[in-house]
Each structure stands twice: as C-alpha cells, then as structure tokens.
Amino acid sequence: MKDILRRHHVLKDEIVDILNKQVKIEAHSSAAYLAMAAWCDVRGYDNCAEFFFKQSDEERKHQLKLFHYIVDMECDAISPSVGDSQHDFGTLREVFEKALEMEIGVSDAIHEIMGECRKYNDIATEEFMRWFVQEQIEEEYVARRALELFDVLGEEKIALGMIEERILDISYDED
Amino acid sequence: MQFAMTQEEIFSTKSAAILQCESTDSFLLRFEQDEITFKLCDLYTFRKRIMELDIMELLDSSSPDMEIIHLPHCDRFLVLSILEVLEFRELLNGTFDTLALNSAIQKILRKGVFNF
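Heads up: the sequence lines are chains A and B, in that order.
Just so it is clear: in the first sequence, position 105 is 105 by the working numbering, and no numbers are missing.
Just so it is clear: in the second sequence, position 102 is 277 by the working numbering, and no numbers are missing.
A few chain B residues facing chain A, derived, Cβ under 10 Å: (1) I185; (2) S201; (3) Y219.
Honestly, the hints are just simulated from the structure, not real lab data.
Quick reminder that beta carbons are idealized off the backbone N, C-alpha and C, glycines included.
Between the sequences and the hints, there should be enough to build the whole structure, so can you do that?
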C-alpha cells in the first residue's frame, strides 16, 4: 500500500506541535521587543530603541523560518495569537534584564525541540534546528553583554548616555 | 472501474469507513451512503476538529445534542450525534494508527531498495 502519510506529512505530530509552539514563542518575543523599543523610544533612548526594533525583526525572521519549514514539510503551520506584552518598566536596566530573561527562555525552548527530535529520531528537523541553537548562543551573548554595560558603567545619567553610545556596537564574534 | 481498483480500505467502523485512493493520493470517507474525498492535510484538519469536540459539554447541554461540522475543503456540513462523534473518533484514530503502521512497514521495505 502506498505510503501517503510519509509522502505528504513528513513530520510526526509531536514535532509539528512543538514547532508550532516555537512559532508562537518567537511571535511573542517579537511583540515583547517591540514594546521594549517603544518604552526606550519615548524616553529618548534612541539607540536602545533601535537595538530592540532590530531584535524584534530578528524574532519575526525566526518565526517565519520555522513557519516555512513546517509548511515545506506539508504540515499544518498555525499562525499564532499573541498575548499582551509588558509595556511598563521601572528602569532601562530592567528592560535589558527582561530581554535576557526572554532569550534564556527561548534557548530552553529550542533545546527542548532538539530533545524531542532525538526522541523521535527526526534527523532532518534536528539538523534544521541547529541554526537556531547557534543563533541563541549569539542572542544570549548580546543580551548578556548589554546588561554587563550597566554593571561596568552604572545607572547614573552619564552612564546611561554611555550605554546609549555603545549599545549598537555589541556583536557576537565566534573567533 | 480502474479508479475503484486503486482504493484500499484503511479502517472501518459500524457505519463508516475510510479508504485510500492510490491514484490520487487522497482518502475517501464513506458514511451513510455518502462519500467525501479528503487530501491528507484536510483529513488532519477533520481529525483535529472531531477530537476538539467536548463530549461532556454535548452531554450537559440543554440544546439538542448534535454537532455541526463544517468541511471547508468541500464546503459541506456533517450533522453528527454524540454516538456518531464517538464513532468518528474511533474511525480517525484507527485510520491514523493504520497509516502510521503502514509507514513503518514501508520504511522497512524501502531498505531493500538499496540492498546491493
């Protein structure tokens, strides 16, 4: 008998479910970064706002990359509903604290997918997800370095100005 | 006639059956003298819809205990009683289990393709 299941629905249901969950996580992260960007922008932290706008775009790209993979495998990709994001923050440091917390949460979710891929012997999805593992190393590094600027420079007005000057220069170098 | 020969029954219950059409890579639901064709993705959607129904809510409801299911791929409606919903659950679970079993068997058979 012809194996229609394998021909037209490449991934196991459990893998489709966890990938769709990740699509939702990425969508939520993108929205959360947008809220952070707005907070920074209206308070005059223009470079920090730009930093978070870029992060929001990144998360959106991650969401679409996952979404395309699911449909390319002829499985049901679910366009997620996104809940409310946190719009109120006490300080600029708190915004970056939240950003790091969120990136760690995303990394945990990505690692969970890798675990599921191994459990179901889904080599193709595991290979596809490697890019995300690497990407999260970079994202977490950038978020951590941003937060470290507060440790080094402090939170006085002049220090916040210096953070503004340096925030867009943070980048991850594998070498 | 040639089309009929390419159909294989995947799973059946008392009053319904799902057949696989080899020539079109699709599935045929036979239910009370009616036939509805599904592509695999539509069958998945249909299964999700049936599994999401809350049986307890149907039992508790003061309204008639019938459920109307829309099938957007063919723009048709199924009106199902609670017993029929349960029968469809059995049918769809049986179908997907059989398809998964077939997939596992075909995977083993495929190994023979490159058995030099």
